[in-house]
Amino acid sequence: MSRPASSLRAASLILQRDLTLAFRRPGEWLQPVAFFLIVTMLFPLALDPELSRLRALAPGALWVAALLSSVLALEFLFREDGRDGTLEQFALSGQSFAWLLLAKTASHWLLTGLPLAIAAPLAAVGLGAPASAIPGILVALLLGSVSLSLLGAIGAGLTLGIRRGGALLSLLVLPLAIPTLVFGARATAMAIQGEPAAAPLYLLAALTVFGITLAPLAAAAAVRISLE
Amino acid sequence: MSEFFAMSGYALYVWSSYAIGIGALLLNIYWARASLRQAEAQARRRLASGDAA
Amino acid sequence: MGLHLWRGERHVLNGLSLRLGAGEALQLLWPNGAGKTSLLRGVAGLLPIESGTVRWKGADTSTDYAAYCSDLAYLGHDLALKGDLTAAENLRYSVGLRRQIDAAAISGALQAVGLTAPHDELVRRLSAGQQRRVALARLALWDAQLWLLDEPAANLDAAGQAQVAEAIAAHLSRGGSALISTHQGLPLPAAFNRLSHSPQEFA
Amino acid sequence: MSWAWFHRFGSPPYFYRLATRWVPWLSWPAGVLIVGGLFGGLVIAPADYQQSDAYRILYVHAPTAWLSQMAYTLMAVAAAVGLVWRMKVASAVAAAAAPIGASFTAVSLVTGMLWGQPMWGTYWAWDPRLVFQLVLFFFFLGFIGLRSAIDDVSRADRAGAVLAIVGIVNVPIVHYSVTWWNSLHQAPSVLRAQGPSMPASMLVPLLMSFLGITLYFYAVLFYRTRAEILRRDRGAAWVRELLTGKGKTA
Chain A
1 MSRPASSLRA ASLILQRDLT LAFRRPGEWL QPVAFFLIVT MLFPLALDPE LSRLRALAPG
61 ALWVAALLSS VLALEFLFRE DGRDGTLEQF ALSGQSFAWL LLAKTASHWL LTGLPLAIAA
121 PLAAVGLGAP ASAIPGILVA LLLGSVSLSL LGAIGAGLTL GIRRGGALLS LLVLPLAIPT
181 LVFGARATAM AIQGEPAAAP LYLLAALTVF GITLAPLAAA AAVRISLE
Chain B
1 MSEFFAMSGY ALYVWSSYAI GIGALLLNIY WARASLRQAE AQARRRLASG DAA
Chain C
1 MGLHLWRGER HVLNGLSLRL GAGEALQLLW PNGAGKTSLL RGVAGLLPIE SGTVRWKGAD
61 TSTDYAAYCS DLAYLGHDLA LKGDLTAAEN LRYSVGLRRQ IDAAAISGAL QAVGLTAPHD
121 ELVRRLSAGQ QRRVALARLA LWDAQLWLLD EPAANLDAAG QAQVAEAIAA HLSRGGSALI
181 STHQGLPLPA AFNRLSHSPQ EFA
Chain D
1 MSWAWFHRFG SPPYFYRLAT RWVPWLSWPA GVLIVGGLFG GLVIAPADYQ QSDAYRILYV
61 HAPTAWLSQM AYTLMAVAAA VGLVWRMKVA SAVAAAAAPI GASFTAVSLV TGMLWGQPMW
121 GTYWAWDPRL VFQLVLFFFF LGFIGLRSAI DDVSRADRAG AVLAIVGIVN VPIVHYSVTW
181 WNSLHQAPSV LRAQGPSMPA SMLVPLLMSF LGITLYFYAV LFYRTRAEIL RRDRGAAWVR
241 ELLTGKGKTA
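Residue numbers (my numbering), protein chains in the order written: chain A, 1 to 228; chain B, 1 to 53; chain C, 1 to 203; chain D, 1 to 250.
Keep in mind the hints are simulated off the structure, nothing from the lab. None of the values given here were measured: they were computed from a predicted structure. Errors might be hidden in some of the hints.
Derived list of chain A stretches under chain D, where covered just means 3 residues or more per stretch with a C-beta under 8 Å from a C-beta of chain D [stated by the list, open to error]:
#, region
1, 158 to 165
2, 171 to 183
3, 215 to 223
Pulled from the structure, derived: some chain A residues nowhere near chain D, Cβ distances all over 12 Å [to be verified]:
#, residue
4, Leu114
5, Ile118
6, Ser132
7, Pro196
8, Ala199
Every residue gets a Cβ at the ideal spot worked out from N, C-alpha and C, and that includes glycine.
Using the sequences and the accompanying hints, generate a full structural model.
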């Protein structure tokens, strides 16, 4: 009676739905970014406010804060859809489950990863980074936050049905995020020192592309198992 | 014989490493036995509590 | 279909074989915990089946699961409706995943289940009965051949239950089939209706 | 090459009886080799010209480090086989291998630190090998943690398998990033086993303890797998007759 929906259309519907849902409840989505800014603000207070010395720590502080807030943000990814049966309908929609979850992760990234990457240069300046480093930092964190969301999707899928899965989620995701942390922090450090950060950025980009292709398959398997 | 145990000054590190190594070996043996005993007990309990199969 | 299904520890379905023809409804009036939901989820493919097969139109569902899904409509305990969206938006996003639909079809379906326009009320503010009607409207819009309904008439008043029964009857008359788990039987036209009171009947 | 042997291994009773038969055959040679290796390492092998007796820790550290990586790979492969072909025995092997692997990763970490003290003067230097062992330890904890958080055994197996597969895919990437990161900050450190250039008297005990610990690993693995198989096949008839049979004689 009617043509089945194309997968592209299905993905765009998921994005629209998540964005409308987010705009209806704006407070929720800003929490990870707020957490990120607070954590980066702690470093000068805990260590020492002298900008020149802070600059050496800026990359590490930024990326550790980014890692932690992206794990925190995973709460919003599947938990609600899992509980109210939406994920079940995704699994039964006839569309490729991995593709729908990729769309879901993309909308999650738009709402948590992107703001994180935009807030990072501000935090970096706060930690003594020169204005010239901002583009480098932005690119590094854009790439990094994508792979963090993708890895997070696998962890969130695995711990979907588990009560108090938060601690376990970070135990599963953080070890997997080590390469992203290493390359990202290196790229940011080089950006701050003004050196061309091409090498680590390419590695970071490779990680992200690797994540985009494989992570949704693992996340789909993980969610399907959690839905049993 | 005593200088053998001294391990030219590194006695603490060498002997503790060996102790940890052998300790882990024994621990795993005990652990494996305990898990088999427990699994058998669970299986028997399920068996005793009526034929659930 | 010789279904064996384990639910955690319990051997829930022990060699159950079940056949459902076109235009036929089977209501499972099994006692609680006898595996109604597990059977439905197993047939839908949400729950892995230890042994035995689920066949749809002669073919094993696992060979072409996507095609099977497009013929399938599953309604579980939780209605997969988003509280912060209106009824129309909910339908647009959930049915849109499967087929092209337009606003007119959506409002038509909502009216058919007795939800008066305008449909701009957030689902959160609708009553349980109204929410279930939205789910029924979605079921109609999917126009799948096989309906798997898990207590479709739960917490509905008499009028609501009649409406559910009417929707199912219409579906059956169009040649669709339905597997329904329910506590109290739904009044369905006798011609299509089979009742089962315990899993042993299919062992 | 018919797949019959593959499926025969898959049937729980067959593997259970096989494991029962193999355990003694594995554990005695393992015991002899380990004792021989450690004894050789302590007594026979001459003191190293550089590190004198401190290097004897190698006889515990190297085999356990190697074993932990082998255990993780075996665990991931077994879990993947269990997931793809739905073989309970494979999932049982994976569930059995995890705690053994985790405990040996911990041992290799601690002995690595104990070796670090006489060598670098500090217990923990961010040497890529030690860091990689630490990350491997977290992968193990993740697997064990995830499995224990899920009550239903077969679901826990499958979820664990997905994690193990993601893990095994990421292990080389993590390994690369840790060594890449290390090369940025300092020249690769000195913690390097002497390798084949070692005189025979040093090398033989090392090989003996390597072989010994591998046999030991399989012995304990088969023993634990029997327990895991029982947990997964509790309802099966062969379990009942096995237990009632054993019940009378034990």
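Structure-based check of each hint:
1. 158 to 165: holds (count 5)
2. 171 to 183: holds (count 9)
3. 215 to 223: Held - the region 215 to 223 of chain A has 3 residues with a Cβ nearer than 8 Å to chain D, which meets the minimum of three.
4. Leu114: Non-interface label on Leu114 (chain A) holds, nearest chain D Cβ at 24 Å vs cutoff 12 Å.
5. Ile118: holds, 26 Å
6. Ser132: Answer for Ser132 (chain A): holds, closest chain D Cβ roughly 22 Å.
7. Pro196: Answer for Pro196 (chain A): holds, closest chain D Cβ roughly 15 Å.
8. Ala199: violated, 10 Å
The structure does not agree with numbered hint 8 stated previously, though it agrees with all others.
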